[in-house]
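Okay, here's what each chain looks like letter by letter:
Protein chains: 2
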Amino acid sequence: SNSNNKKMPALEVNPDLQKERNTATFDPQEFSVYWAGGQEKYKAKKTLEELFLDDPALKDDLPTSYMSHKELYENSVRKSCLIGQKIRKLRADGEDGVDTYNALLGGSLGAALLKEGNPLSLHYVMFVPTIMGQGTTEQQVEWLPKAWDCEIIGTYAQTELGHGTFLRGLETRADYDASTQEFVINTPTRTAYKWWPGGLGHTANYAVVVAQLYTKGEFRGLAPFIVQLRDLDNHQPMQGIDIGDIGTKLGMKGVNNGYLGLKNVRVPLNHMLMKNQQVLPDGTYVAPKNSVLTYGTMMFVRCALIRDTAQSLAKSSTIATRYSAVRRQSPIDPNQPEPQIMDHTTQQLKLFPQIAKAIVFKTTGDGVWNMYNVISGEIEQGNLDRLPEMHALSCCLKAICSTDAAAGVETCRLSCGGHGFMDCSNFPTIYGMTTAVCTYEGENTVMLLQTARYLVKVYGQALNGEQLVPTVAYINEAIKLKEFVNFDGSLESIVKAFQFVAANKVRVAYEQIELRRRQGHGTEVSANLCGPLLTAAADLHGRAFLAQSAYKELTEVASHVSPALADVLKVVLELYLVDACLNRIGDFLRFIELTDRDVTNLEIRLESCLNRLRPNAVALVDSFDLHDRVLDSALGAYDGNVYERIFESTKKNPLNKEPVNAAFHKYLKPFMKANL
Amino acid sequence: SNSNNKKMPALEVNPDLQKERNTATFDPQEFSVYWAGGQEKYKAKKTLEELFLDDPALKDDLPTSYMSHKELYENSVRKSCLIGQKIRKLRADGEDGVDTYNALLGGSLGAALLKEGNPLSLHYVMFVPTIMGQGTTEQQVEWLPKAWDCEIIGTYAQTELGHGTFLRGLETRADYDASTQEFVINTPTRTAYKWWPGGLGHTANYAVVVAQLYTKGEFRGLAPFIVQLRDLDNHQPMQGIDIGDIGTKLGMKGVNNGYLGLKNVRVPLNHMLMKNQQVLPDGTYVAPKNSVLTYGTMMFVRCALIRDTAQSLAKSSTIATRYSAVRRQSPIDPNQPEPQIMDHTTQQLKLFPQIAKAIVFKTTGDGVWNMYNVISGEIEQGNLDRLPEMHALSCCLKAICSTDAAAGVETCRLSCGGHGFMDCSNFPTIYGMTTAVCTYEGENTVMLLQTARYLVKVYGQALNGEQLVPTVAYINEAIKLKEFVNFDGSLESIVKAFQFVAANKVRVAYEQIELRRRQGHGTEVSANLCGPLLTAAADLHGRAFLAQSAYKELTEVASHVSPALADVLKVVLELYLVDACLNRIGDFLRFIELTDRDVTNLEIRLESCLNRLRPNAVALVDSFDLHDRVLDSALGAYDGNVYERIFESTKKNPLNKEPVNAAFHKYLKPFMKANL
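These protein sequence lines map, in sequence, to chains A and B.
Counting from 1, one number per residue, gives the positions in the first sequence under full-length UniProt numbering.
Counting from 1, one number per residue, gives the positions in the second sequence under full-length UniProt numbering.
Just chain A, same shape as in the assembly (with noise of 0.2 Å):
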């Protein structure tokens, strides 16, 4: 079933990786279907990697880390427009549905086919949709044509050199001339500029722009505007317009970033996205209905970075773990060779909870998109209820995976030793790649005080006994429960466990800001001093939502599959929760009376899942379903031909393509021959 990811079909199987294969109790291929979302789903992802991935032109002879700045751009532009091309075909064919656009944009194939990152991204994910989302039916009549046909290429340009999560404090305006009717923006200091836009460098002609509206002399909050960037034909910027490319990265490397100063740009009337507010000719605001809108885009995209994450920790676990079932080092017993790196039980520890938090994470990204679904439909018709908690906890598990999984996919390269430093392990394209998921789409901690300051309001309404919405019930029953007893080291009462800390962390964090407030601080001021104590509450609910999730999710899925593949579910998610649980050990221990005796019985159990799980760690990678073009990793190919695949990428080096390089003659020789 894995044929087609074989890259050098001449190369057998590692022996010490076919072992694995043959030796698992399950088969990879029911899981990789469950993986890809069912069996139909499942047939699309390898029409459509065949489709791309066969395509020579889509494949770089030179690695991308061996280019400057300046080729991997270009490069990335070369590629972007055969990718247009192949979905404008696509478009045209009627195939183009959102799981394509996201599997080629943002996805695992858009990452073996542009693993810096695609200058055209922005157009497809931001520019298209907010046209579609603000635009009023004529702005969406005379823009979407040119857009979806990339006759014109867009971007979407909010965060400044000096203000990114704060919006109201932009500076970019935009001031109504209604003698001309046209708005004028303007970037009024250099930390107004525009500064991160995907494709906005040297890439995209046309940009939303938000800034400040000011109409009549008065400030109207923010509006979104369509403003022409580049002439059409010869690309050169407009009047008025400053702008370039940001500067180098440590990942996503080829999204040409860019930076835009405006100055008088002027831009008809008609050119401000009027769907929910609207500037009428003499300049009379009208105001939104609501600004819940937005809410609905920022949910949407949080929900699927937590897939994203997934995906990340698939791909780093699948490298580190083939790679440490065929690398020998370091015998257990001195009178044996050297085992299989994987049999170091210290490895095991590295690699495996990766594998779990990837099947946890994917698990739970699913079923937060669910409920996504289910309460923007519930928005649609007017019931905006669960908005807040659905907000809160899409900020807590975009912090909480985004962050376990640059930590996973460095525990991955560091576990390959000197080898994941190297580029063509994959591990720093992919950590760039992950890390950034931390910063951008709200910054982390924003994220977790955000969550926290939900959970805080929350307790008050429990303490004064009111009821709580679904995912913070919890907190409810722990305010009853007082004490946790009967931890019998059962999942369930792990999960159960986990609520009651979370609860407990909310309570700290509840009282302190009340014990500060009584000591005369403001109630901002007070969450301030207690910041600390709030992200850890946030933290801790977004880890018993997981818990709580992995236990249900995984449960439901080991329910109707093979019992084969049940049974290695189940060590899956045990793994998970004995892991998660010694992860926050501190926490546990100082809310609910739990002995020496009970932590080492927890390590122990930790030690067994390791154990169990081992014999099935590749197969369970393999079931990840990840192309080699995917992993582009020398370290982790499906044939784990690990030594030849590193030399091989030696050959690419541009370096050793002459055996003397002109530096010896330029520099080294004068310097060695000075003295003599």
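Hint data in this document are derived by calculation from the structure and do not stem from the laboratory.
Hints may contain errors.
If several chains are the same, the list does not tell them apart, and a pair holds so long as it fits within one copy or across any two.
Stated by the list, open to error - Calculated cross-link-like contacts (lysine to any residue; reagent style SDA-like; alpha-carbon spacing at most 20 Å):
| id | residue 1 | residue 2 |
| --- | --- | --- |
| 1 | Lys657 | Ser68 |
| 2 | Lys651 | Ser68 |
| 3 | Lys89 | Lys673 |
| 4 | Lys669 | Pro659 |
Treat the numbers as computed from the prediction; the structure is a model and nothing was measured.
Please arrange chain B on chain A, whose structure you already have, making use of the hints.
What follows is chain B alone, placed relative to chain A:
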């Protein structure tokens, strides 16, 4: 005092940053002198910085992140030769002490000159010292003058593609041919290829190659051989030498790490370094008297690495702290303007512990360095008593400090939001350099296991009532104590509690290994099963040492500096200890009777430490006295003109030299116009 730190003298210091300096309660200059190691070393440091940093040829017009791998290599060789010339001159003037080499090749000045590493480093720090340490007097006379004068450039080739930590696994072999009095050196397999040595790729023309020695057909153990790699005149690889650059990496990108295959390469008898072991012309092998000496070098390097990790934290915390004084975001009080982000308690919790760790790792590094010198003096006099203790200590400290430093760098980077993600922040490079320490000179998990092996042995001795050496003597006390009483939260009691907890972690590991043995597993298998318990025990042992060392060293320093500085150092110490304790609170709660209230009190103390350090945070990082070129960060420059410098950095971006990139005409335009 920091006047030479200013890069763009036309710019005034950012007023927010200046305000921080004006309101600090101590004189950073006083701490700077201590930090440099006293007045004399402080002056020497300044002189060296001037000599090297003012040389325009050693400045890069184009930041390295914009270069291709090949360009970066060529630029690195150019600069390393210039640095080599200056070293030659210093040597001629008799000013080439160990400190100078350290500063230029490994230290922060070295990083300012060649931020991605120096391809000649291994020549100075491994090739020359190995000849000095392992060559006979005749060999030293033959090789050292040429090597010191850089008439030949060497490297040190030990690690192989398939073999790292476990030296007995190395495959490269040297067979002595008595008929010609030569060794025949071979890398018989692909995995035997030497891999990783710095400068090996295209720079060095010599190497010390470590190989398995065979004479008279018998295996004799490892031995070092001087091997010529390239022709001295034309730099072509010698016959039988397959050599090149291993490729791009996460960090240390300019080091030219290489690979080396040897096929029947013959070297004369006197090319084996024979100070410790000898081969006679007829092939008779004379074994070394003891193998202790290699431990010495490893300990030496690991002790030095502890101080490097302190530098990484000093750099990162300087950048992030200055940025946090300048950046304003997210109101605390909605009626107030956006505050300096350093006023957010959550931000303080990210930054200040890194400042404290920088100081504690530095003072501990100094302390351990002195200890190493004492013990290595004892060793030279034949007294090996404290060797295992010192080895165990250096292993776990190397692991803990590098792990914490790498995590600390990332915490600082993430605390700067999106801007930390840009290469112009310098965080990506600092991270690459720092996380590398987790892997080289002994992979961290292997290091912790070595320490743990020692601790478990010592625990057995303690149970037998034996006396223990100083750094583990606390285990005996803890065994007597049974229960830890009187945890009053004082700094002394936190240090004592750390030791008690560490002793109990060792106990748990010891008991579990014993249990596995009683269950019928062999000793080695039992130890492997308990691997996670062992590494956790070694971690706590190291952290207990750090706590005790922080207490001892900082109390010491505070006793003979000005009261103003002493007050600040006391807050640093308290912050370090309380934070360290809370980070391992699970272990504390497991072994010591602490209540929820006790933990809350620690949390309140942490908050109090953060608040008390807040006014002096900028002055503290100023007193690390890191030159702007060392920081190389738009976010962290002394003048705090963050936005101006970020903006300035975009001017150097080759993509921004032309308003329209060629990719528009080649790819974008045809793509956009395809449907028209």
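- Check each numbered hint against the structure and report the violated ones by number, ascending. Per hint list: zero violations.
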